[in-house]
Amino acid sequence: MPPDEPMSEEQTGGWDQNDHLQVLTFDMQGETFAIEAGLVREILDHIPETPVPGAPNMVGGVVNFRGRVIPLADLHMAFGFAPAKESLDSRVVVIEFALDGESTLVGLKADKVNEVTILEKASTESAPRVGMRWRQDFIRCLAKRDGDFIVVPDLERVFEVGSKGDKAAGLNAFTQH
Amino acid sequence: MNNTDPLAVFRVEAQELLEQIEQGLLDLERNPQDSELVAQVFRALHTLKGSGAMFGFEALSAFTHHCETAFDKVRKGEAVATPTLIGAVLSALDHMRTLAESPDAATDGGEALLADLHKAMEGEAEAEVAVVSPAQKTWRIRFSLPADCLVNGTRPLSLLDELRGLGEADVAAVVDNVPELGALTPAECHLAWDVKLTTTQPRSAIEDVFIFVIDDMRLEIAEEPAVLSDENDKQKTAKTPAEKTVADNVTALDSARKPAAEEHVPDSATTQHHTAGETVRVPAERLDELLDQVGELMIAQSRLKQVSATNADVNLRSVAEEIERLASELRDSMMFVRMVPISQLFGRFRRLIHDLARDLGKNIEFVTEGETTELDKTVIERLADPLIHLIRNAADHGLEMPAERKAAGKPETGRVLLSARQAGAEVVISVIDDGHGLNRDKIRAKAEENGLIQPGAVLSDNEINQLIFQPGFSTAANVTSLSGRGVGMDVVKRTIDGLRGAIDVSSKPGQGSQVDLRIPLTLAIIDGLLVRVGEGRYVIPLATVEECVELTTEQDQRSTGRNFLTLRDALVPFLRLRDMFATGTDPDRYQKIVVVSTGSERVGLVVDQILGHHQTVIKPLSRFHAGVETFSGATILGDGSVALILDVLHLVAVGQQQEERLRAAG
Chain A
1 MPPDEPMSEE QTGGWDQNDH LQVLTFDMQG ETFAIEAGLV REILDHIPET
51 PVPGAPNMVG GVVNFRGRVI PLADLHMAFG FAPAKESLDS RVVVIEFALD
101 GESTLVGLKA DKVNEVTILE KASTESAPRV GMRWRQDFIR CLAKRDGDFI
151 VVPDLERVFE VGSKGDKAAG LNAFTQH
Chain B
178 MNNTDPLAVF RVEAQELLEQ IEQGLLDLER NPQDSELVAQ VFRALHTLKG
228 SGAMFGFEAL SAFTHHCETA FDKVRKGEAV ATPTLIGAVL SALDHMRTLA
278 ESPDAATDGG EALLADLHKA MEGEAEAEVA VVSPAQKTWR IRFSLPADCL
328 VNGTRPLSLL DELRGLGEAD VAAVVDNVPE LGALTPAECH LAWDVKLTTT
378 QPRSAIEDVF IFVIDDMRLE IAEEPAVLSD ENDKQKTAKT PAEKTVADNV
428 TALDSARKPA AEEHVPDSAT TQHHTAGETV RVPAERLDEL LDQVGELMIA
478 QSRLKQVSAT NADVNLRSVA EEIERLASEL RDSMMFVRMV PISQLFGRFR
528 RLIHDLARDL GKNIEFVTEG ETTELDKTVI ERLADPLIHL IRNAADHGLE
578 MPAERKAAGK PETGRVLLSA RQAGAEVVIS VIDDGHGLNR DKIRAKAEEN
628 GLIQPGAVLS DNEINQLIFQ PGFSTAANVT SLSGRGVGMD VVKRTIDGLR
678 GAIDVSSKPG QGSQVDLRIP LTLAIIDGLL VRVGEGRYVI PLATVEECVE
728 LTTEQDQRST GRNFLTLRDA LVPFLRLRDM FATGTDPDRY QKIVVVSTGS
778 ERVGLVVDQI LGHHQTVIKP LSRFHAGVET FSGATILGDG SVALILDVLH
828 LVAVGQQQEE RLRAAG
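First to last, the sequence lines map onto chains A and B.
Residue 11 in the numbering used here is what sits at position 11 of the first sequence, and the numbering runs on without skipping anything.
For any residue, its number in the numbering used here is found by taking its place in the second sequence, counting from 1, and adding 177.
Just so you know, these hints were derived from the structure itself, not from any lab.
Warning: the hint list may mix true and false statements.
Just a few of them, taken from the derived set where beta-carbon distance is under 8 Å, the chain A residues facing chain B [what the hints assert, rightly or not]:
1) V52
2) A55
3) N57
4) V59
5) V62
6) V63
7) N64
8) G67
9) R68
10) I70
11) E96
12) E102
13) V113
14) V161
15) S163
All values derive from a computational prediction rather than experimental measurement.
Note that beta-carbon positions come from the ideal geometry of N, C-alpha and C, so glycine has one too.
Same shape as in the complex, but just chain A:
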């Protein structure tokens, strides 16, 4: 896909009039990801996770977030990484997110949380169709930065597929290693 092809309508969500997007960046398996800062509610240190037997791999557990029981999603699974491991740097990013039109709190496991920064639309590209391990529809865009790139995942799509745990759809990314 030519890099300068304009992004389709639904992918433009969140950019302000200056084509800027404020994001929180975090690392998973050495890759940097970014989610819209406006979605983030809180960043938590270690919290005890309760696994839910029989749940889809990507949302295999729940945690207590201020008296509410919220699902804990591991995006590592969606991108074919090994399940997240706890370390000194690992955090849980709690985001508020509309799932099927219903506002839901979800915790995301991150190996390391970096910073809140601004992405410029001009420096982003759509995901290429080849040469990538990841499902193309899981990626909203790639943002170039310092010679590397930041992945902006399409959370809606990831959750839509991931919460169903539908392995028949060829989701080898979701099966546990």
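Once you've looked at the hints, dock chain B against the given chain A.
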């Protein structure tokens, strides 16, 4: 209440009034001479008319007026509440419901209903009223309008004209309050009027004249006692002394903020209103919020308990105990607040039966028992639909036609019994009919035809009975307007599952069937048994737990091929939760079996450790986990960690599937 939509408030009130009227009418059908009932229906109709007009539901108000007129006659003994009249008003009620929901609805149906009503009344008039001429009464009416009424477009002259239209009126203006000429503002109204009105019309007709201004005005209506010679009037006076002795002081100026309907009703109604007890209407969401907070408090309290247990400070301990007691009392009162008697729900079905009996041509006696049984409000609301289906089924499929019943040596009138009773942490609601019972052969044949069961499969009676809850299952040869589409029972099943309840069906050929719905008392807080499986902690609802036994090493090893244990001569199958949840840990040395009941069978659940009793505030799982049926929710433990609550019914079903897969695999 101030910021709520007044229309919504009116609709709620209208619904209640309509329900009241309906109940009254149905009671009246059995007991047509009961003057108290007649008065009750009349009052409700009257209030509905009044407040309908206040809130701009003029079509409703006008329509209700006709029914009110009819009942006014009944009330005065000029007519009798015949089944025809009651039927006509019942049909009219449905129209009123439509009008209350959408005031602009077409009134085509209304005309026909009114015609029916008039016919019913005329039939009365010929039979009863012809001899009794309507009583002439003289009323003294004094009214004054607010000073700014002319600015608002009120025309005192037209009010007086309307009064004159009712009968012979003698009008005198009261000029006491007219100020000196210098202080007089010509655009203001300072006059009051005294009217002596002789009319055959009831008091309500006079009040209706002022219906649009009554909120802001001062109105006194008194009956002239001297004219009270008529026999009818004496009777009436005896019945409602309050109405006669007290001049109805409608001082709406002082209480402008109260709903208009309240001061519009006669005194007798107001008195009753007060004796019925002070009630506060609170939106259900606020109660839910409060319950959530009580839940949080319970969690915080159990943390406090843990802290104090490891602390030697006596003061801390005594405070912790105090808090524990208060919190649990608070929780109990909270649950109590949410409880409403089930009579609210049962009442609705009398009308259903009335209509069913008419449509089906059957004689049906409807009996209710245990109406005072209380259930969580949200539960009651969700029970309405399944019960409608069950009652329809009982009346349509269960009960036979009168001729058939006679042939079978049963009374012609069929009986449908709806009962509720509390049993432990559950409420059992039963729908019982004395019809011909379930036809198990027919059900079986149909199920085999649909491929639900293997031909020739060995099934217990109970298992066959449960087949009727399969979606789309119906043995009815004809789909009637009432039932036969096979949707109803599926709705029942899903709703009851959703409420974490269970359904038992029993049936005796020729004698009738009984459907028991077993519903947990509340949805929000349950008593649970906290257990450990591997490293995870889980809560088993205590209501389902029958007993706990130890799984001996001997049983454990022997049962590799067969997962049964013998419990007082009964075989109880068991599921190993450690395997089901794939914990990957070694079993504890002394595993325990928690024997749970799923309604029809007993199943053992093998756990590693029983941790004890736990008050569980149920937190729903998110949509991400909606597909995980083995858990009905989660709860937060004293240490802040999350424990999952087992859904025993689904857990057993999943366990069976897993075992079947294992068997198929090897």
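Taking the hints in turn, this is what the structure says about them:
1. V52: With a minimum Cβ separation of about 6 Å from chain B (threshold 8 Å), the hint on V52/A holds.
2. A55: 5 Å, holds
3. N57: 11 Å, violated
4. V59: 4 Å, holds
5. V62: This hint holds: V62/A lies near chain B, its Cβ roughly 5 Å from the closest one there, short of 8 Å.
6. V63: The hint holds - V63/A has a Cβ within 8 Å of chain B, the shortest such distance being about 6 Å.
7. N64: 5 Å, holds
8. G67: OK, holds: G67/A within 8 Å of chain B, min 5 Å.
9. R68: 7 Å, holds
10. I70: With a minimum Cβ separation of about 7 Å from chain B (threshold 8 Å), the hint on I70/A holds.
11. E96: 12 Å, violated
12. E102: 7 Å, holds
13. V113: 22 Å, violated
14. V161: Cβ of V161/A sits 12 Å from chain B, so the hint is violated.
15. S163: Holds, about 4 Å.
Checked against the numbered hints listed earlier, the structure breaks hints 3, 11, 13 and 14; every other hint is satisfied.
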